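Protein sequences, first through last, are from chains A and B.
Residues 1 to 210 in UniProt numbering are what the first sequence spells out, letter by letter.
Residues 1 to 210 in UniProt numbering are what the second sequence spells out, letter by letter.
Calculated directly from the structure, the hints in this document are not laboratory data.
Certain hints may be false.
Below, in silico cross-link-like pairs of lysine to aspartate or glutamate (EDC-like), each with a Cα-Cα straight-line distance of 16 Å or less [to be verified]:
{"no.": "1", "chain 1": "A", "residue 1": "K202", "chain 2": "B", "residue 2": "D166"}
{"no.": "2", "chain 1": "A", "residue 1": "K82", "chain 2": "A", "residue 2": "E139"}
{"no.": "3", "chain 1": "A", "residue 1": "K187", "chain 2": "A", "residue 2": "D116"}
{"no.": "4", "chain 1": "A", "residue 1": "K78", "chain 2": "A", "residue 2": "E139"}
{"no.": "5", "chain 1": "B", "residue 1": "K137", "chain 2": "A", "residue 2": "D108"}
{"no.": "6", "chain 1": "B", "residue 1": "K128", "chain 2": "A", "residue 2": "D166"}
{"no.": "7", "chain 1": "B", "residue 1": "K128", "chain 2": "A", "residue 2": "E107"}
{"no.": "8", "chain 1": "B", "residue 1": "K183", "chain 2": "B", "residue 2": "E159"}
{"no.": "9", "chain 1": "A", "residue 1": "K128", "chain 2": "B", "residue 2": "D108"}
{"no.": "10", "chain 1": "B", "residue 1": "K128", "chain 2": "A", "residue 2": "D129"}
{"no.": "11", "chain 1": "A", "residue 1": "K137", "chain 2": "B", "residue 2": "E139"}
Chain B side only, calculated, beta carbon under 10 Å to chain A, not exhaustive [said to hold, decoys possible]:
{"no.": "12", "residue": "L35"}
{"no.": "13", "residue": "A38"}
{"no.": "14", "residue": "R41"}
{"no.": "15", "residue": "A45"}
{"no.": "16", "residue": "I46"}
{"no.": "17", "residue": "Y80"}
{"no.": "18", "residue": "K82"}
{"no.": "19", "residue": "L106"}
{"no.": "20", "residue": "S134"}
{"no.": "21", "residue": "I135"}
{"no.": "22", "residue": "T142"}
{"no.": "23", "residue": "E159"}
{"no.": "24", "residue": "G188"}
{"no.": "25", "residue": "I192"}
{"no.": "26", "residue": "T196"}
{"no.": "27", "residue": "T198"}
Far from chain A, by Cβ distances over 12 Å, these chain B residues were calculated [stated by the list, open to error]:
{"no.": "28", "residue": "T8"}
{"no.": "29", "residue": "I79"}
{"no.": "30", "residue": "V89"}
{"no.": "31", "residue": "E93"}
{"no.": "32", "residue": "V122"}
{"no.": "33", "residue": "L131"}
{"no.": "34", "residue": "T141"}
{"no.": "35", "residue": "M152"}
{"no.": "36", "residue": "R160"}
Note that the structure is predicted; figures quoted are calculated from it, not measured.
Ideal Cβ placement from N, Cα and C applies to all residues, glycine included.
There are 2 protein chains.
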Amino acid sequence: MVRTIELTKRQEHILDIVKENGPITGEQIADQLGLTRATLRPDLAILTMAGFLDARPRVGYFYTGKSGVQLLTENLQKIYVKDYQSIPVVVNENVSVYDAICTMFLEDVGTLFVVDQNTILVGVLSRKDLLRASIGKQELTTIPVNIIMTRMPNIAMCEREDLLIDIAKKLIEKQIDALPVVKKSDKGFEVIGRVTKTNITKAFVSLGDE
Amino acid sequence: MVRTIELTKRQEHILDIVKENGPITGEQIADQLGLTRATLRPDLAILTMAGFLDARPRVGYFYTGKSGVQLLTENLQKIYVKDYQSIPVVVNENVSVYDAICTMFLEDVGTLFVVDQNTILVGVLSRKDLLRASIGKQELTTIPVNIIMTRMPNIAMCEREDLLIDIAKKLIEKQIDALPVVKKSDKGFEVIGRVTKTNITKAFVSLGDE
């Protein structure tokens, strides 16, 4: 189980001293702080047990290089796509833009995945793509979605076992709202889920919940 | 600064004992575990300094009731709306739906805030609202946005000093993508920012970064 603690100013100070001067003995740290070795003992114990410092007999304390941030990262490294993914909504590549818009409203999603007759991923449609098409001059009921979709291989994808934090980064970098969760088959990629900024927001909320 | 630590099995065990039997002396805990008081001293130090246990002279250790989850919550309670908000994009209530759609593409946002002549918030337009209007039968260049917008007082809002985690919860509960950040004036609410699921996703990513 991962717990969070708040280091005291003195503990942060000790970390700084060891970072700069390590390996360094407890006595030497105490000298620098103008405190007794006994006063520092609990602080050194907590820093060692928390993994920030390591101690070697007759050498002294040294900094492990693990920052609090890295340790927090270790926590985030336990949240996977599969823990937060949603069910994907797919349309066939031959449906009209108008029908795709209706599907988007019926299913209340912001992204549709487009598949071929073998249910293999061939494209992605965002609400933005559909809005752009809807103010164009074309007849929405006759143009098929494969004219306006983002198509393979320009589709960012992810897998169930990916870390959610990595996918969150990808969404930000690529400035998109959702990624398909895929499974590779011999014909291509099957869409088995979706990860959206809503899923990430839920994960963020859950960090504050039981 | 908040740090994350992983408690050992023995430390979790001590927590359980104190939860059930506290207040309890170090000796008594040692007895229950079949260990010496000296062996336990560093564990008790770390649990006390981390805020899980409290010790009172001649009484013993007791459980503070702070779980790791609560302590993590304390971390999230330091992230405010103002730390992650974006610049708002506003349109006047008299502009046409067509112009609003163009603004949305030009500014590359998913939500527009609608203001009156005093730049006071009167409505919200999501990409979904605009997409719905665009497949309707009306002429987009002639209908004003105030016909299709979500209007006051049905608008969820937030303030700079709100906790981001609370706003993330609100976005999930209300199933919306963005909230205006407002400042109350004598005429109503001025829009001074926006918080979106993108901002929340960035905050989530930042938990894993320096």
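**Study point:** Hint check, failures only
**Key:** 2, 4, 5, 6, 12, 13, 17, 18, 19, 22, 23, 24, 25, 28, 29, 33, 34
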